[in-house]
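So the protein sequences, as listed, match chains A and B.
Counted from 1, the first sequence has number 53 at position 53 by my numbering; the numbering is strictly sequential.
Convert by adding 160 to the 1-based position in the second sequence; the result is the number in my numbering.
Treat the hints with care, as some may be off.
[Claimed, not checked] Straight line, CA to CA, 27 Å or less: simulated BS3-like cross-link-like pairs of lysine-lysine:
id, chain 1, residue 1, chain 2, residue 2
1, B, K786, B, K255
2, B, K461, B, K324
3, A, K13, B, K304
4, A, K23, B, K219
5, B, K219, B, K233
6, B, K583, B, K904
7, B, K836, B, K786
8, A, K13, A, K3
9, B, K451, B, K324
10, B, K187, A, K23
11, B, K836, A, K23
12, B, K246, B, K187
In short, the hints are calculated from the structure, not lab data.
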Amino acid sequence: MQKIVVAFTLNGKPVRIETAPGKRVLDLLREDFGCLSVKDGCGEGECGACTILLNGEPVTSCQMLAGQIDGDDVVTLEGVCEDGRPSRLQECFLAAGAVQCGYCIPGMVLTAKALLAKSPHPAPEEIRRALSGNLCRCTGYAKIFKAVRMAAGEEGGGAP
Amino acid sequence: MTNRNLSVVGNSHIRKDAVPKALGTAKFAADYTFDNMLYAGVFRSRVPHAAIRRFDATKALQIPGVARVLTAKDIPGANRIGIIVKDEPILVDDKVRRVGDAIAVVAAETQEAVAEALEAIEIEYDELPPVFSTDEAARAGSAKVHGDTNLFMSRHLEFGDVDKAFAACDVVVEGTYRTPAYAHMFIEPDAGVGWIEDGMVTVCASTQNTHYDRSEVARMLGVPNNRVRVIQATTGGGFGGKLDISVQCHVALLVHATGRPVKMVRSREESTEVSSKRHPFVMHCRTGATKDGKLQAVEMKIVSDTGAYASYGPAVITRAVVQCAGPYDVPNVRADAAFYYTNNPMSGAFRGFGVPQIAFCHEGQMNALAQALGMDPIELRILNAQRPGTVLPTGQVLDESVGFVETLEAARAKAGEVLRATKPTQGIGVGCMFYGIGNTGLPNPSAAFVEVTGDGSVNLMVGCADIGQGSTTVMAAVAAEELGLAYEDVLVVAADTMVTPEGGATSASRQTFISGNATRAACRQAKQTLLAVAAEFLNAPAEDLVFRDRKVFSGKDPSVSMTYPELMAEMKKWGKLAVGAGYYNPKTTYLDPQNMAGVPYEVYSYATAIALVDVDPGTGEVTVEKVVSANDVGTAVDRAMVEGQIEGGMAMAQGFAVFEEVEVSEGRIKNPIFSKYLIPTAMDVPEVYPVIVETAGEHGPFGAKGVGEPALIPGIPAYANAVENVIGARIFELPMTPARILAKLHKPPGL
Ligand code: FES
Ligand code: FES
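Excised from the complex, chain A in its bound form (with noise of 0.2 Å):
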């Protein structure tokens, strides 16, 4: 099988890889490079689960093949975190009870990060806009909202 060599940057290292051309950015992440956060919840863009930030940009992994992240930058939620403890982000997440099954977790605090690099104090309703494309069936998104306004300093945040 044709196989084609991928540089890029992971998490703030540059890493290079023999692989198909077709393989899915999302397995190339989970297998290849054990960045188990990055979950598939449907393979067909829609649910957000396999969030990646791509240049700084939130996308869905499941739709890119290895070949278009050639000398891009990717973060996984594995380079968010700081030497395996939770980020500031992430402990709004655990202060604001926005994690249940946690599935779309990842993705969540990977989209919510993209966010505050734009806009630092996002009004709610850009802060739904942005989380818009991450499914979640648990929590009903409510303390989600919350743990991105407490990120932004808005502490305990209003109603969204």
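The hints should help you fit chain B with the ligands onto chain A, whose structure is shown.
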């Protein structure tokens, strides 16, 4: 509001499972890999009803990397599974009964080889006439899905003198209500891994009930229960959809046959296609009252399509009948329900077991009645509300654990603050429910083991599966409260059949109540030993001693006290161990099959939701803007988690009320994926105002009842009623799609 003076229960804690989930290190089933592991998949029928004429895996087995293709013939033990009725084959041996029936399992070195093998399997069917509707199922001469009748089950409830009561009513309202099949759409598709450890088949899967899984795997392999181990992987939501066996038996069979680790992960499409769906209901209801507004009689007829297999059908039909009149005092009730087998997708457990369906109906009736009587809908409900002493349609007399009126009043007060309809396109509506905690009229015990170790830290072992709702955190809080320790002192091991005792299913909102009581019982046993040692040391009567905040002290004289480390040192000195085993079985009775008389549940939760919606008259689109939901939970063990249940429930209710519906055509689900089956997104969900109502009663641990399903149910009728109040027409069918709303808006008045 009750004052129990608790130190742990009632706070909000960082959930036991939250840190690894927030870090992304929590291991879901698909995250496990082993050396020498095989990947697996299932060959499924593409036809709804057929005998298999020819099955040939020769070509599949020639594909490099394909290790095994197994069929029914390879099952060493029993080939029928089902939580209540064992009617579902693990692998088809007689005939196909639905699209998606499992016919063979394939294991190979790579996922790609599995896919290729599934393509290469050859099959020919002798198709049988299919049954796609309850009408067809009921028709004499129709094809039969199982045995010689398609009537899977019927239930009859009779209470009081219904006919006489209707004759004396001043007002009778009547309607036929329809609810569709819904899909759980947990975000994690079903998955599992298996391996052999110490000669024992071990399965680690996404599940709501490890002990049930274990018994099915053991029966399939023909070995005793304790020769199989089932461990719950971190589970990405369930909502009832992971109560049935999914991959557990298929994985175990391949592990048993190959001796190698095996992993099976369903695609979203496969997961939706073969996991159970909510029973679609057709409900015909008459409700009668005297002109003072007092309910006199309810009569309900329910027909449902239970699909190809029984699954939790018996639980749904019984609960629907028992709870059909809603949270009201109704002296005369009759209900008849009939569930039919068809060749459609399997209906089963889904958050509420039939109550979301009947609540849409009984609440629609209450609103119609309020209108007919010219009464305020909330006043009508308060007038008829169940209260302590109310006699239910089963003859059960309610005790003091009833907080329905409190939920109505609390929701009304909060709604007065936060909900305002300011335009003609906006409307406010109300919906209520009650929910019996635990299985209906059946024993359903849970157990717990506990050990307070030498330094005062605690190991608690419960069979109860945490599927994201937070039971592990609840159990830790209950144990800490009972033992007088801190939440942080308790480590919970949950849902591992080799380590933890039976916990029953994580369903029917039962774990806080039942596993919580079991945990408390186990802790009380351990405490007996601690108490005796402390009493001796402190020279104080045992009955005066209080365990709290890592101390033991005399309630009469708090200066007579010792710390937990001192207590554990004393325990060591005397060679005592603080261990406990406890179990709890709710106080229920079997129901009389003639009329459903008996005690179906020990305790009930109550809830009232009041919602503000907007209906776009141009497009027919319904937006749920805000909702207040007041839930009587007895005692909130963890306030943030109760709120989280209510917020999640109100969002799910929006999906059910406004846009979700499984479309089935010729037995096949047309919308098994998120791009076709939409669930509420961050843009859709209403602003939710959860109100926690705490009431008297000591049935559950520190008075806690349950909230998982009650958190969902009242939202559905509240949204429907709010829409009714905008468009001025009754809603008899869910979901309230734009097309349905437009049809109502453009109907001539009076129809
Ligand atoms: S798995 Fe990629 S969007 Fe769902
Ligand atoms: S927490 Fe379960 S899907 Fe979001």
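Status of the hints after comparison with the structure:
no. : hint             : in the structure
1   : K786/B to K255/B : 49 Å, violated
2   : K461/B to K324/B : 18 Å, holds
3   : K13/A to K304/B  : 62 Å, violated
4   : K23/A to K219/B  : 26 Å, holds
5   : K219/B to K233/B : 19 Å, holds
6   : K583/B to K904/B : 19 Å, holds
7   : K836/B to K786/B : 26 Å, holds
8   : K13/A to K3/A    : 22 Å, holds
9   : K451/B to K324/B : 16 Å, holds
10  : K187/B to K23/A  : 23 Å, holds
11  : K836/B to K23/A  : 25 Å, holds
12  : K246/B to K187/B : 31 Å, violated
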